[in-house]
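Based on the hints, put chain B in the right spot on chain A.
In order, the protein sequence lines correspond to chains A and B.
Its first residue numbered 1, the first sequence is counted upward by one per residue in this note's numbering.
Its first residue numbered 315, the second sequence is counted upward by one per residue in this note's numbering.
Hints may be right or wrong, so weigh each one.
[Claimed, not checked] Just a few of them, taken from the derived set where beta-carbon distance is under 8 Å, the chain A residues facing chain B:
(1) Asn59
(2) Gln64
(3) Pro74
(4) Ser88
(5) Thr112
(6) Ser179
Everything labelled a hint here was simulated from the structure, so no lab data went into it.
Please read these numbers as outputs of a predicted model, since none were measured by experiment.
For each residue, glycine too, the CB sits at the ideal point set by N, CA and C.
2 protein chains.
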Amino acid sequence: MNKLAVVAFGGNALLKSGQKGTVSEQEDNIYETCSNLLDLIKKGYDIVIGHGNGPQVGNVLLQQEGGEKVFGIPKMPVDIAVAETQGSIGYMIEQQMRNVLYKEDLERDIITIVTQVLVDKNDPAFNNPVKPIGPYYTKEEAEKIAKKTAAKFQEDARGRGWRKVVASPRPVRINNRKSIEKLARDGQIVVAVGGGGIPVHYVEPNKLQGIDAVIDKDLASSMLASQIRADEFYILTDISKVFINFNTPEQIALDRVTVKQAKQYLSEGQFAEGSMAPKVRAAIEFVENGGKRCIITKANELGVANAGTRIVLS
Amino acid sequence: MNKLAVVAFGGNALLKSGQKGTVSEQEDNIYETCSNLLDLIKKGYDIVIGHGNGPQVGNVLLQQEGGEKVFGIPKMPVDIAVAETQGSIGYMIEQQMRNVLYKEDLERDIITIVTQVLVDKNDPAFNNPVKPIGPYYTKEEAEKIAKKTAAKFQEDARGRGWRKVVASPRPVRINNRKSIEKLARDGQIVVAVGGGGIPVHYVEPNKLQGIDAVIDKDLASSMLASQIRADEFYILTDISKVFINFNTPEQIALDRVTVKQAKQYLSEGQFAEGSMAPKVRAAIEFVENGGKRCIITKANELGVANAGTRIVLS
Numbered sequence: 001m002n003k004l005a006v007v008a009f010g011g012n013a014l015l016k017s018g019q020k021g022t023v024s025e026q027e028d029n030i031y032e033t034c035s036n037l038l039d040l041i042k043k044g045y046d047i048v049i050g051h052g053n054g055p056q057v058g059n060v061l062l063q064q065e066g067g068e069k070v071f072g073i074p075k076m077p078v079d080i081a082v083a084e085t086q087g088s089i090g091y092m093i094e095q096q097m098r099n100v101l102y103k104e105d106l107e108r109d110i111i112t113i114v115t116q117v118l119v120d121k122n123d124p125a126f127n128n129p130v131k132p133i134g135p136y137y138t139k140e141e142a143e144k145i146a147k148k149t150a151a152k153f154q155e156d157a158r159g160r161g162w163r164k165v166v167a168s169p170r171p172v173r174i175n176n177r178k179s180i181e182k183l184a185r186d187g188q189i190v191v192a193v194g195g196g197g198i199p200v201h202y203v204e205p206n207k208l209q210g211i212d213a214v215i216d217k218d219l220a221s222s223m224l225a226s227q228i229r230a231d232e233f234y235i236l237t238d239i240s241k242v243f244i245n246f247n248t249p250e251q252i253a254l255d256r257v258t259v260k261q262a263k264q265y266l267s268e269g270q271f272a273e274g275s276m277a278p279k280v281r282a283a284i285e286f287v288e289n290g291g292k293r294c295i296i297t298k299a300n301e302l303g304v305a306n307a308g309t310r311i312v313l314s
Numbered sequence: 315m316n317k318l319a320v321v322a323f324g325g326n327a328l329l330k331s332g333q334k335g336t337v338s339e340q341e342d343n344i345y346e347t348c349s350n351l352l353d354l355i356k357k358g359y360d361i362v363i364g365h366g367n368g369p370q371v372g373n374v375l376l377q378q379e380g381g382e383k384v385f386g387i388p389k390m391p392v393d394i395a396v397a398e399t400q401g402s403i404g405y406m407i408e409q410q411m412r413n414v415l416y417k418e419d420l421e422r423d424i425i426t427i428v429t430q431v432l433v434d435k436n437d438p439a440f441n442n443p444v445k446p447i448g449p450y451y452t453k454e455e456a457e458k459i460a461k462k463t464a465a466k467f468q469e470d471a472r473g474r475g476w477r478k479v480v481a482s483p484r485p486v487r488i489n490n491r492k493s494i495e496k497l498a499r500d501g502q503i504v505v506a507v508g509g510g511g512i513p514v515h516y517v518e519p520n521k522l523q524g525i526d527a528v529i530d531k532d533l534a535s536s537m538l539a540s541q542i543r544a545d546e547f548y549i550l551t552d553i554s555k556v557f558i559n560f561n562t563p564e565q566i567a568l569d570r571v572t573v574k575q576a577k578q579y580l581s582e583g584q585f586a587e588g589s590m591a592p593k594v595r596a597a598i599e600f601v602e603n604g605g606k607r608c609i610i611t612k613a614n615e616l617g618v619a620n621a622g623t624r625i626v627l628s
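In isolation and in its complexed conformation, chain A is listed as follows (with noise of 0.2 Å):
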């Protein structure tokens, strides 16, 4: 059998920071990640792409304010906008996965799945909404909206405005893993679990539906590569290991870190909130639930001897 490895791309992979998100822009930078996979293909790997969506819903999400206020179009609540992300940039991806097969003359199918990812109501993380989304708005108009829809509202750290926030539970269940197991296992590279899944939770015992909250992209990858049980997890960022001591004389890149260490590392902040601390807790749970090891690395160093930071168990 084939290794199985889950490669989680992130909002780098997609959108560059400055950039502006045209789809030229979007589908060069996508183009690039993708080639980026083509180590893992040639030595025969099963692959499972996951990939975030910051930027994009961020955009879906004003422009469905600014469809509401210029054409009266209703506005969608946050897990429809994420299903939105999982058609464009799962179609952007499987696209440029194609063209980079097609350039190498290699021949795998590629296939995108919207993903579904049930979580749980009584989630702790649904009693404090941190994770902001959507336009920025003055203090009157989001307690105007605040009073109407039961949504919460946070100022701005730099002063931008207010903004909602939402809750972002942990995964609890990913919809279609038997299947996304088994397109991977018949050599298809599978596109899934975008922008963490669509979060849906049970309403009544046989009731599904939606719920605003946006679900950590690594943490869902994680969930899914231990639910399909991937040999490898591959997180994609834009640095090229996982440092201690981060930006002082004493940092350190790590190129091997085991479960015990790396947990160590968090409790002592070593990992930025938002940022490395739910990457390394991501591999850590893959790692802790049967994986054989999750690199942390930079895109374009994926193919290369020692690259990243690898989370072991021992």
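Positioned in the frame of chain A, the structure of chain B alone reads:
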């Protein structure tokens, strides 16, 4: 082997005329439409669902226009907008289908595939784009955009302004058709080829790219049905049967019509373009390509004996 059916959901199955398109309106409509598949499900059919996206892609294009006007977010081309609606509508269908199955205590899994459909740049449809999409502009605005982007515009017949028109080329190849067949044969209800599929073409012999076009959703579902060797093809619409001499005192509802008869009626102009004519053509193609029968029917009469119009070879 179970019978395999492709069911194409029409626009009405998702959004009724007069509705604005809120998420709860769409969820209710889709739940109702999905309930109509219970008869096929209980009879043990393997099922693939295709669907339209007219009102939804219209809303996405207006949201993009509004997003650009209010926030300066770059607009996306039509292929990306179609991909977005495959994500959102596919998600809604999958979720409501799950809810229908939960309620009936039936165990079937459902999976949604983001589907690219290859078209031919030399299709004569590209010389004569006829499908209006997106916002209405003044003549001056339209001329300005036309100069910048090479887009074509047409004045609306009802005087609402000028609108971009895109080609409606024939589908040439449905991506992932083998996986769609395999998943359906494996018992999963597969949602695919939404909005007629994301239109792509080869800009170079080995390079795929999206293209400004809209593929007829019944024709795309028909081609998918043929390519996965479906036994039956259902086109759900908002009238009970196909009529000849429609809206005249000589109106006749058709119960069963052969391909030869259907072609004769088409040549007589019995069926309205943009409405029943493309459905009948899609039905004819399916049967001519080896399908047993196509049934054009009202969604909520799907399980009723002798409901709808059957198109058969002879």
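Starting from the hint list further up, note which numbers the structure goes against and sort them upward. The structure conflicts with no hint, since it agrees with every one listed earlier.
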